[in-house]
Every structure is written in C-alpha cells, then in structure tokens.
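For this one, chain A is given, so just place chains B, C and D on it according to the hints.
Number of protein chains: 4
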Amino acid sequence: MGLMTAAQYRASLNDGRVIYWGGETITDVTAHPRFAVPLAVASRDYAYDDPLLAPIITYETAPGEHAHRVYQVPRTIAELEQRLDLGRHMSIVGGVTGVYMALLTIKDQLAQVNPRFAANIETMYRYARDHDLRAAEVITDAKGDRAKKAHEQIDPDLYLRIVERRADGIVVRGAKLHITAAALVHELVVMPTKSMRAEETDYAVAFSIPVATRGVRIINRSFAPATLNDFDYPASARHSMPEGFVVFDDVFVPWERVFLAGEWQLAGAFAAALGLWERTLGLVIALHEAEVMTGLAQLVSEHQGKERDPHVMDAIAELMCYTETIRMGLDYAVRHYETTASGMLHPNTLGINVTKYYYASHFHQMVKHLQDVAGGLTITLPEEADLRHPEAGAYLRKYLAARPGVAIEQRMRVFTLIRDMTADAYGGWNLVTALQAGGGLKAQRIMMARTFDMERARHAALTAAGVTRGH
Amino acid sequence: MGLMTAAQYRASLNDGRVIYWGGETITDVTAHPRFAVPLAVASRDYAYDDPLLAPIITYETAPGEHAHRVYQVPRTIAELEQRLDLGRHMSIVGGVTGVYMALLTIKDQLAQVNPRFAANIETMYRYARDHDLRAAEVITDAKGDRAKKAHEQIDPDLYLRIVERRADGIVVRGAKLHITAAALVHELVVMPTKSMRAEETDYAVAFSIPVATRGVRIINRSFAPATLNDFDYPASARHSMPEGFVVFDDVFVPWERVFLAGEWQLAGAFAAALGLWERTLGLVIALHEAEVMTGLAQLVSEHQGKERDPHVMDAIAELMCYTETIRMGLDYAVRHYETTASGMLHPNTLGINVTKYYYASHFHQMVKHLQDVAGGLTITLPEEADLRHPEAGAYLRKYLAARPGVAIEQRMRVFTLIRDMTADAYGGWNLVTALQAGGGLKAQRIMMARTFDMERARHAALTAAGVTRGH
Amino acid sequence: MGLMTAAQYRASLNDGRVIYWGGETITDVTAHPRFAVPLAVASRDYAYDDPLLAPIITYETAPGEHAHRVYQVPRTIAELEQRLDLGRHMSIVGGVTGVYMALLTIKDQLAQVNPRFAANIETMYRYARDHDLRAAEVITDAKGDRAKKAHEQIDPDLYLRIVERRADGIVVRGAKLHITAAALVHELVVMPTKSMRAEETDYAVAFSIPVATRGVRIINRSFAPATLNDFDYPASARHSMPEGFVVFDDVFVPWERVFLAGEWQLAGAFAAALGLWERTLGLVIALHEAEVMTGLAQLVSEHQGKERDPHVMDAIAELMCYTETIRMGLDYAVRHYETTASGMLHPNTLGINVTKYYYASHFHQMVKHLQDVAGGLTITLPEEADLRHPEAGAYLRKYLAARPGVAIEQRMRVFTLIRDMTADAYGGWNLVTALQAGGGLKAQRIMMARTFDMERARHAALTAAGVTRGH
Amino acid sequence: MGLMTAAQYRASLNDGRVIYWGGETITDVTAHPRFAVPLAVASRDYAYDDPLLAPIITYETAPGEHAHRVYQVPRTIAELEQRLDLGRHMSIVGGVTGVYMALLTIKDQLAQVNPRFAANIETMYRYARDHDLRAAEVITDAKGDRAKKAHEQIDPDLYLRIVERRADGIVVRGAKLHITAAALVHELVVMPTKSMRAEETDYAVAFSIPVATRGVRIINRSFAPATLNDFDYPASARHSMPEGFVVFDDVFVPWERVFLAGEWQLAGAFAAALGLWERTLGLVIALHEAEVMTGLAQLVSEHQGKERDPHVMDAIAELMCYTETIRMGLDYAVRHYETTASGMLHPNTLGINVTKYYYASHFHQMVKHLQDVAGGLTITLPEEADLRHPEAGAYLRKYLAARPGVAIEQRMRVFTLIRDMTADAYGGWNLVTALQAGGGLKAQRIMMARTFDMERARHAALTAAGVTRGH
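Residue numbers (the working numbering), protein chains in the order written: chain A, 108 to 578; chain B, 108 to 578; chain C, 108 to 578; chain D, 108 to 578.
Here are the simulated SDA-like cross-link-like pairs (lysine to any residue), alpha carbons at most 20 Å apart as the crow flies:
no., chain 1, residue 1, chain 2, residue 2
1, B, 505, C, 323
2, C, 413, C, 510
3, A, 549, D, 417
4, B, 256, C, 415
5, D, 256, D, 269
6, B, 505, C, 252
7, D, 301, D, 259
8, B, 301, B, 369
Not the full set, but computed from the structure, chain D residues with beta-carbon under 7 Å of chain A:
no., residue
9, 285
10, 475
11, 485
12, 489
13, 493
14, 530
15, 531
Hints are computed from structural coordinates only; laboratory data are not their basis. Glycine is no exception: its CB is placed at the ideal position from the N, C-alpha and C atoms.
Pulled out of the complex, with its shape left as it was, chain A reads as follows (with noise of 0.2 Å):
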C-alpha cells in the first residue's frame, strides 16, 4: 500500500487482461510495441522521485502518508487551484482517474436512496487512492438507434445493462466506446451514459472492477502511428494513449463495487458530475494548447520574417484573444466555485460550461489561423531521419535557412508540432475531441442552459422594455 514506482505500475498491468488491437490478441501490454509509447507516458504519472514533481502531483493523506494528488478532496480555494494547476502536470491517464471526484460528488445524494451504495464509493475511492491505482471513465454506451431509448433497441445489449442479480452482486452486459486508457488502467469505473426513466430501470447502473476481470475485453485505436519519434511527432509522444471499445461480456460485480443499480431517477447525475470536472480538466489542457498555439504562430511568423505582417498580425491577435478568454473562464470557475453538502469544492458549473462552448465552437476557427500564418511547410517539410541523412540533411539545413541566427532544428522543430496538433493525426483528434468531448455542441448548450441565470436576464428586459406589474 501507498505510492508506487513507475516499473511496480508497469509490472501491475500485466494481469490477464484481454486486449485486442489490429487484428492481434495482446496477452501482456507492458511487452507489446504498440503500448511502448502509451506506457511511457501513463509511467511518468508515477515520477515521484522527481523532486519539483513530486510537491504537484502528491498530498499528504495522513502524517506520512502520501497519495497522489488526483485523490485530493479540494475543500479550499487554493486547493481547488492545485487541483486544476495539476491538469498541466499529468497524463491523461492521470486525468480520468478523476472520475472519483465525480462518484463523491454525487455520494451524499445517493446516500440517501442507497446508503451502502453511498459507503461502497468511499470505499472504493480510498481502496483506488491507497493502492495508486488509475481507473478510467467508462460512460458512453454503443447506443444504437439514437431516436429510440434503451429498451426500445434491436439488441437489448446496446446499452449495458444487468442481465442477472444474484445474491452476491449483479451481472452486467452491453460495451462501452471511446474509453481512454483503457487497456492500462487498473480499475474501469462504469457510470450510465444518460438519465434514464423507469421502465429502463436495468440500464442504471454504475460499478467499479479491476481490467482482469472475466468477460471484460479492450478493442484498442489510436490516432498515434504504432511507433514515432518525438522530432517528428513533439505531441504525440507525449499524448499518445489508447482509445478502447470496452465489451462487458457478462461480467460478475459483487455488491461491495456497486453504486448503481436500479435507481433510475440518478442515472443522470453521474454522467453530470462526470462531466464538469471533465470539462475542467479539459479547459486546463485547451489553455495550454491555446497558449503554445499563439507561441507557434508567433515563432513560425518570425522565423520567416513575417510577424510585422498585418495579416499574419490579425490572425495572431486572434488566438491571443482565444487563449485569454479561456484563462479568464477558468479563472472565474474556480474564484465563484460551488460547495457540495459534505463540503468539496467545484469548479462553478456555468463558468466552465460557458468557458467549454467558447473553446469548442472555436476551435476550428483557430486551428485556422495557426495554419494560415504557418504555411505550406507544415505539411511538406521532410522527416527528421532525412535531416540526419548526410546528403538530404545537407540541403535541408542550407535551404530552410531564413531569419539570420534562426537553428534550422528550431524552425523545423516548430513547423512539427504545428502539423502534429493541428494537421496530422493527432491534430484530427484535437478537431473531434474539441467538439465531442463533454457531449457536442447541441448538448453543451444545453448544460448551459440549465443554469444560465435567465430569471434575471429575463427581469432585466423587461425592465428595459419599461414593463411593471399589471402591463
């Protein structure tokens, strides 16, 4: 119990999972090429001997006792602000692995409907953080025909759903998609994908099971080509993770990792308060993309002696406006946050999801700009193994010359992390995940609406309009 070394987390994944990718059965992650980079970069969550790290990404949980900080309860405003300055310094292993955030958020109105359901989530979250385990988020269902409901599918199992109670626990079958770090992660925390109604009572349902369990099985994808080299791919190296289409094959889950089970009327509340730290967590790494993408448009325009262009000029002041109005959001969420009744902290719901739209609708828009200043080199430079060539190396370093004192590493080095965020693989992820994540558009817009303040929107036109009482 307590921290473990990256090589110990490591030697924790190969467990029987079962794991499919590219038409191959992977009998142990740690040794399949494919998961090289992924793990390297779940691995470096586990850096505590680095001694800047180590104060960012731990708390301690009791004299002496540390656990990593994606476990703290913020009940302060400057521990709020560590939660979200943590978001810069973890992988997205480590991000989804606040899904425990979520089931204690919703605990204290569960345990009122289901007390030991409540009690089995506090168990589970000191288990996860005694053990510094990651789990992932596992929500959306294969959903089918989007115009009918769960029960009115072709296939019952198109949502997951309880096939079986038996006495000691229940037995659940149906797949969950687009499942981030799936195959390496030790817990799978499975939540309902929208609220459901009363006779889609077997629908609700939320439990939490080791990877290894029988039934369970990973399909992987990436965006990431099976193997890259940071020079050539600066962000991919350092984001490249998995995607799993997790199948629920008749899976047995005891009772003391239930939180959901046939109270339909909250199967909604988890998906909601999944998805505002989510949103956070996504806000925090969309400034720092934001941030580094108004730094690239600027470095790539001065490279090449552009940045007094006006254009170039226009479309920068662009993505300065993006990044500041998104710090501003967060800003805000955290400095107006909300208090649950046992006293945790969170971010204020209409801050983010405001802040989460503006992001989103956005996006595209400056993925444009960024390529318009960049130019066509993003996507024609050569490799860096042809840079290292002897002859073609030769050519590339006299004709990429351009701004006296500019390193042709530099430049080229530049020009790839454009193409790698914005126009390769990864950036297509960035496009769709900027979008999709949180739900969409329309549905963004609804969360808005839910808490807009439009009572005193709607006083204050009426005001202006001069109506009083009896108009």
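This is chains B, C and D only, laid out in the frame that chain A set:
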C-alpha cells in the same frame, strides 16, 4: 460648492455656450426641445435625493463632504467594484466625466516631465469634483488624410494644435469629433488623439476649459428622433445624447488649465490611459445589454410559444455564452487589477482589452441571433398611438394575442425594445459604437498585442516543440 | 384600360380605403404628408414617359397594347433575364405586384382540383395587368401561439379564416402582418401563410380584393421618419414604404375573386410559389446593395487615405467575395431555369434558395465590415442643414477636408448613405429583412434541404467510402 | 511515341533519379514499398484500356492520334467543360501535368519579348503530349526571410537562380518546395514563385528538365502512412502522393528547354497563369469533396437515427449551401469564360478566385459541421483488422448495430472515411491545402481585388449616394 440639484445643473448650462443643431443656432440648450430628452437623461445623475441611488452614486470626500462617486479614485478592490457597479447607475454623461481617472492615471508620469502640469491635473480634478461638474472626453481629431501625419495635412488644423504661446497661456485651433454630450457638460477635457513625434510638437496638447469659452462651437448630431416617447423608444429614451462636432476657433487656454503643451513623448499616454477606463465602462454597459438581449430573446420566444424550438434554443444559447463570457472577463479584470505608482487601482489591462475585443467582434452576430428569433414584427409592429386609438387599438389587442396570459402591451414592449436596441437608429448607433468605441477592431487587436505575455506563449511553444538551448 | 400615368395612379388611391397611422384615421392617403415620400417612390413605376425606362418596364401584350413588365410571364431565358433586370428598375410596390407570377405558377396544379378557381386566377391576372394595377402580397397571419395549429389558438381568428360560405361568395376574418405597401396598392392578394391540415380547412383560403373593400383596415408602420430629405436619407428616400397590419373584419369576397376555399392540400403550394419569386427579387436587390456596400467601403477609405491599409483591404475583399457570390448564384439560377407545365420559366429553385441563405446568413457580417472601415463619423456626422448654415457649414467644410480633391459634400454623402443603409432605421429594417424575408434562417435551411440532390451526395459518399452493393 | 501503358509508365520512372525519403537514398522508386500506393494512384491515369474512362481522359490530336486530355487546349465551352470534368477522373499527377496550360497561356505574351522561349514552350508541350509524359509544377522557392527580396537573403540561393550562363544553356541552383508528385513525374516544369524586379534578374528563370537530370535531388514527404489499406484509409488510398523538396544543385538546362532567363518583367505572369488553372482544378475537387462531406453527414446521421434532429439538419444544411455555392461558382466561371489572344479558353478569373476564396475561408467550418454530427466514433472506431478478428470482430458486429438494416461494414466505412478525410493525416493535409493552395488567404484576397470591377461598384455607390458631377 458641493452637490448640485438637477435644477441647478440645468440652470448652469445656460451660460452663453454656442451650439448648432439642424441648421439652427441654439442660444439656450435648457429651453430647446431638441435637448429635452438628453437633459432629462443627464439630470438623473443629480438625483441625490433618491435614497436608493444616493449610496451608489456618492461617496464621502471629507467628513460630511460628498461628491459624485465618478470622482472617487479606487484604492481597494471594493472601491473598484463600486466604480464598475456605478457604470450601471449613471448616464453616459456621468460616464464620460470619468475622464478625470485617465488624467490621474498619467499624473505621476507627467510630474517627472512637467510638475506644473501634473499639479494642474490635481487642481482641476478637485475643482470639478467639488463643484459637481460634468466633463466631456475630447479626443478624436478631424484627422484628414490618414496616410499622413498631423503636420503633413493640407490644412495644419486638421489635428488640433497650439497656434500661439503667450505668457498667460496658449491659443489652440482645430476640431474634435464624436464628442458625446459636449453640449450638456461643463468642462471639455481635451487630449491628443494619438502618440505624436518630435515634428508634431504643437499637436501634443491637453487641457480643460469650460464649454462657454470664447471660440468654442458645438455642432450636434443624435441618433434619436427630435421627439420620442418611451413606449416606442424605450432604449432611446434612456440613452438619447447628442454627439458634438466641437470646433476650437482660436481658443485661449490659461496655463493653469494646461496639462500638455509640446511634451510630445507623453501624447500617446493620455489616450492610452483614457482608453482603459472607457473600455471598462463600455463593458459594464455591454454586459447589461447582452443580458437584456438574452432576456428579450427568451421573452419574445415564450410569448409566441417558440422557446422549445431547437433553432431558437441554439440562438439563445449563443446569447447566454456571449453574456457570461463578458461577465467573466470583467470579473477577471477586476480581480486581477493593476496599481499605479500613486496607489490608484485600475482593471487588468489585458483582461479589459481582450473582453472588449471579444464583445466588439461578436456583437453583430448576437444582433443577428436576436433578430432571427424575434421575427418580422420587430420592424412592422404599429406604434403606441395606434394601440391607444379606439378602433386600431382594438384590432391590435385582438390580433397580437399569442400565448394565453401574455399581456398585449408587454408583448409590444418587448418587440419595441428589440427594434429600438438593434433595428432602429439607436440600434445602428449600437452596432457602430460596439466596433468603434475604443478605436475600431484593428486598434483593439493592437491593444491586446501590447500587453499579451508573448514571452510565456513563446516559451510554452518551444518547450512543447522539444526545443532546448543549443537547438 | 391600359397604362396609367402617375397622376392617375395617385388619384386611384383616394377610394375610401380605411387607413390608420400614428393614432390618426387617415381618409385620403394621397393628401397626408406621412405618405408623401412613399407615394413618390411608388409613382416612379408609372413613369412610362421616360424613354430610357419605358423599354425596361413595359412589354407588348398584344399588337399596340402595353403593360408593365412585372406582368410578363417569362417564356424564354431572355425574358427571365429581363424580369430580373426589371427588379433593379422598379420600386418595392412594383416588386410585390409580382405576386401574380406566384398565382400563375400554381394555376396548373389548382386546375386539377378546382378549375373554376384556376380560371379566376387567369381572369384576375388579366384584369390587374390590363388596368395597370398594383397588388400586395398578403401572406403572414397573426399566428398567435406558434406551438399550436390554426384551429387550436385561443382565438380562432388568429389565422385568417372563412367564417361564412354564401351562395355569392365567402366571408373572411383575420389579420395579416408585414404587408408591404398595403395602403398604396389596388389589390390585396391573400394566401395562406403555411400548409394546412384537414382540420384546418377553413384556413385554406386565397383570394384577391380591392383595398377599399368594406371591412378592410390597414394600420401602418414605417422605418422612415415622418419627413426626410434625400441628403440625410439617400436610401430611405428611395425605399420608404409603409408596412401594413391588415385587418379583415368580416370581409365579403365574391366567388369570382376566390382562388382557394377549403382545398387544404394546396394551401402550402401558394406560399411556396410566392417564396421563390420573392427570394429572386430579393436577391436582385441584395446584389445591388452588396455592390453599393463594396463601393462605399472603397470610397470612404479612399477619401480618408486608408484604402491601402491591409485591414481595410481585407474587409473590402470580404465585401467583394459577398457581392460576386450573390452575382454567381443569381446567374446560375437563371441559366439553370426550370419550366412549369404551362411553359412558364422560373429560376432554379435550389440555386435561389442557396444564394438567399448565403446572403441572409452573411449579411450582418458584411455590415460589420463596412462599419468597421467607415469609422465613427458614420453616426456622428452633422446633418445637411448644418452644412447649409453659414457658420456651422464653414466649420464643416474646413474640418471635413481629407485627401486633396475630395469634395466635402461627396464625403458627407458617402457617410450618410452608409449610415442610412446600415446604421439608422432603414439599416435596421435591412438587417431584419435580410434574415426574415422568405421566412427566417430556419425556414430557408428547410427550403434548401427540400431541393438539394441528397441522393447524388449520398451516392458520392458511399462510393468514396468504398461501399458497394452487399456491404 | 503515343500513349503509354501503366507498365510502361512505371518502367519509365526507373531512370536513375536521385530520391531521399525517411533517411534512405532510394535508387528505384518503382521497387520501393514507400511508393507503392502513390504509384498505383498515378498509374490509374494510364488506364486507357478502360472503355468508360478512355473517352473522358483522351482526345484526338490528329487523325488516329490520341493524347491524354490534360493536354487538350480548350477552344470551345464544351472543351472547357470536358477539361473540368476531367479533373474528377484523373489523379493529382494528371492534375499537375496541367502546368502546360499555364505555359501556353503566357506564350503569346512571351513571344513579344523572346520569340525563341515562346517557341520552346510550344515544342516542349508537343513533346510532353506526344510522349504521354507527366510533369510537376515546380514553383515555390525556399524563400528564407520573407521581409527581404530574393537577392537580399543571407544565402543568394534561397530563391532558385541562374548561377552561370553558357553558350549551350544555363546553370541553376536553388530549391523548390511543396512539389507534389515530383518523384513520380517525368518533367519538372520550373517557374518563378513571384514577380521579380530589375535587381532580381537572375531569379527570373523558367524551364523544364527531366527528373533524372544531374544535380536534381528530391527529398520526399507524405501525409500517408508507409503502408495502408483502403478500408481504414479509403481517401488516403486514392490520394496518397508524396510532396517533394526538390534541390537543384548546379543543374544544367540547355537553351531549348528554357522559357525565361532574365526577363524579370514576365516573372509574375507565369505564377499568375498557373494559379488560375490550379485553383480551377482545386475547385473541381473541392466540389466533389463538399458533396461527399454532405453525403457523409447525412449517412452517418441516418445510420444512428439522428437525421431528423434539428441540430443535425442545421449542420447538413450548411454543408448543402457550401456544396452548391461552389457548384454555382464553377458553373459561372465556365459560362463566363475568357479567351486568350491565341484563342485558348480559360475560366472566368474573378469567378474562380472568388469561389476559391469562399471555399478556402469556410472549409474549416464545414469540417466542424461534419465532425459535430458524426460524433466520437470518428476517432475511436477500431480498425478493419479487428473486424476480421474472430472474437473482436464478433463484438464489433454486435455493438456497432444501430438502425435496423444498416450493414456494420457500411457504418464503419462511413466513419472511416470521415476520419480519413477530416480527422487524420490526410484530413490535416486537406485543411492546410484548402488554405494554402493558390497562395494563402491573403494572396487569394489580393487576387480577387485585382479583377473585381471596382469602378462599377464605386459608380453604384456614388449614384446611390446622390453624387453627381460637381459634388
């Protein structure tokens, strides 16, 4: 000395000032019907006997002494917040009187170059405060050919300049444009419109003089109809205020009222200091208008049973996002305030500039959303007079019925306000002002670029690109 | 019978029609100052003695017989082009008289259901043409609660309906909104505002009646000031036309003037047929306005020496793209015309709908571009009367000088037209009309979807995806 | 002489050309796996034995003599239409071979300055046509510091230049970037990248040489993975083509292959002539891609039962508008063609430039619409290999079921194509190419401005403003 009553304010304006409007020479603005509504608007700022308003619009300058709060120099975040809140509770005449904050902002800097002028600022500020005066921001020159500098124009007077330096003062000549409320204030606070170069020395001039000073002439213009009622023009009735084309026909300014007279290096600082406060106030009002527009979109839709139409919901969600993004930007700018050498607080410069740019560059789109959901009645609804007509009114009451329970007058007032705010003369003024106040989109982008932390962005980009020293 | 003179047209309007405006009951529209400018606008369409205009606005109906070309049924592409060209050479009163094209478009279809009504269309068309009448398009009902159908409203009259069927005709009751020029035409051509269902039979009604028919009342509204001059209002002076709120208070319509009376299946066809011609004419005018806006942006920039400013050039380029895209869309719609069963040509439906949507959804953005380059004088420029004032005028002439050689009046007129077209009451009317004419953005999207060749797109997508039969 | 077979084409490429890719020196492009897919793509243009394709891709040059239609000089509107249609039926290698049209476009102009060079163009055109060669458009120089001219760079070779003039020809040095298909064509047709000034005489150079000429080196780059299958990469499999970084290391060009050698006044004309044809072909492909994207949006929505969701319908309507606007622009450009002095037809310059700008400036927005409706499976869908895996495949078939009757493979292929076209490496290439092909948004705006009829717009504006002579 001390606070004036509204009646005293009105009386104080009949001082011999030279005013033109619509081909007439107007000798007493307090008696001319063209000024009736604007005067009513401006007079509200003197309603110190309103017990709800008084604590908001006044503050104590010395034991038992009160002044209008627009004169209060914010020294704590609470005072800064009060100042922003004040923006919602005073007319634009009060708003422009905030010009003294700009003067005080640059006073320290000015003192190093010309202590006498710095002292003049302090003196004039106290004088205006203690006499409860109103002042106009007199900035924009005629400018002539924008491709040429001040001294290169075909007429050297196209930028206001010093034409004579005398022992007792200076004589100035020129014209200033877009001077809101010039005909209804006491003091004209004149500043350079841009930074100046050494060869433009005579154009580096700032001072304050009474409106009735010999040689000052004001040609007026207003978006508002000559007469209006507040049913058909609910917004215009609160905002009607003439803009002045102010001519300085060899006007003498005594030295004690001069703030700049040739110190060209400081010319740009005046406009910059004013811009920040002007944009801040603009955003306070913009936030209110955005909230009103959101409420109007909701009301007009509810009235006609369309508030669940997904297309309508989408448009309203965009208005929500707009409103809250402005709110968050203002909140950020206040909480991350900056402090001058002499301890005066002002909102975060980058925060204000970014939020202003966001507001300005998206405003036309928001007008489109509101007009899209409101529909054609926005422009074809009959007037109040027809509603009061026995026959026409009966027809209107019958045929404007919509969802049960919605009062006809309320429905009409909502449409009328949408028209007045977005699709009539005041609406046009709003569109242009959103873009041009604070200098047009291009100037706003430049303002952002000046204070954006590009070094941080550049560093973030280089780090992400894997560039370290030596590359 | 035959063409009227302008004087005859004016005289013909003093026929006892019941008109309300601004709380007045107006007994003779030809004598009331409120109608002076609109009447002048409408009268221009009768200037058959203008030798340049005559060939454009007339055609030969039989040897030696002429009619206004708005009555010409296009049967060749040349005639279709003439019709579009006509749109630039007649007032909006002429424009709405094109309602007969819509009636003729559905005549064939109607003949299969009710030959008598089809014959009525033909008869009324010839009558109006041969008497050189003007007609209004009377479509939009009061509508009440949009979430309910016509017969479900709290007042059954909220959609115009047949309240009595008699041997000699029908009696109708209801109100129609946004009826351009209703007070200044001869005939009101009434149609259903939407498709109707079986239970809405009484609402499926179309007919034509003279404005002075007993029971017809028109409440007027206009964007234009009660009086205006064409220096300060150059666009309004050409486009000022009241919109009518037209009430049918148990109006009797003889059978020979009825086009639809219960055939609910055809109700939607009327509005659809009208929409195409209305949008076509709208685009002809939109193209002209876009070209004018582009020219204004160029002129206002040249006048003040800013036409080489890259920011200005960008904005003007956007206006160019807008202008030419509309031009190309109209050209396409004419060249790819469609033909009705009886041989009448009309523009390509999809082409018109797409171009209309493009125009409508980008218009606010184009206004923004123009206002951005024009600057603040757009709204603060003094009026013509001040220019004519001896003292004020001298100052204006001195200080509005800009680039050498630019006449002051030309500079003022350019600003004034920008204001009138985009930032004053007519500008607001333009903004709302761009969106709402032809049914709002949502309706326009639906219109596009109806005629888009999705089968071709689906096939292209499947082929590109490698899907062949059996997959 | 005459048409080649695909086999002959392949064989012709093994000619000793010097190629680098990924750190390797490749001695035979026809044998290296990296070129396998691109070669297959290029070879399709030689499928003259396809009876459906042959009439589209060939034409008769003399009785019984045929050539690829890319060589046909359009002299009638029908031939111009055939040329555009051809764009859909050849690879990008065929497309860039259209460079000869650009040469022929400027031949007349060139003949007046240097008849010999004009004759060289004619000779080279016939030679390439009659040997069924493929040629690359070799335009963009390395450019170095954009703020400096060609001769001011730190290395004079940063723009390709003549380093020696000999009796038998010239020697050139420099590098050209973004050269599509350089490694798989026969001829490199080299032109200046911009207009040149008198002091840049040595940079005004154009010529054509075989790829295997001594001193030519090509460093390759591609968006496409080294290996790919057409299930997972349906678009890449058809479009995979390397871009070349082409170095000219003191390459000798005999005079008979020179088209320009110092006539700096004509340098800009080459790029301009090429640009028009390049943008035309780009629009032909863009129209097809827009139609495919629209079909994909519809299909992916139908498959999951969302095609009646108003939000989805809105997004699809935007895609429809985009598709049809490009279609109408291309149609206009063909119908309003222009003719060169020697009788060659080309599309309307303004029409092409406007449509290109519309396409480029809205493309990212359209990608957003498609990705918004498609959802997360776009990036997380497992690969074909997993579908073929007995266990994983069975799970995929079960859980990807959606609306009854939709084949799983079809659903997967639709998602896969959306990913490949918009959210993977080819998608990124598409985004950048949409913006940059034809010179970036700024260059495109300048191109529009050059041919827009501003005199007409200025006149329309002045007339509308009431300006007549003398004002």
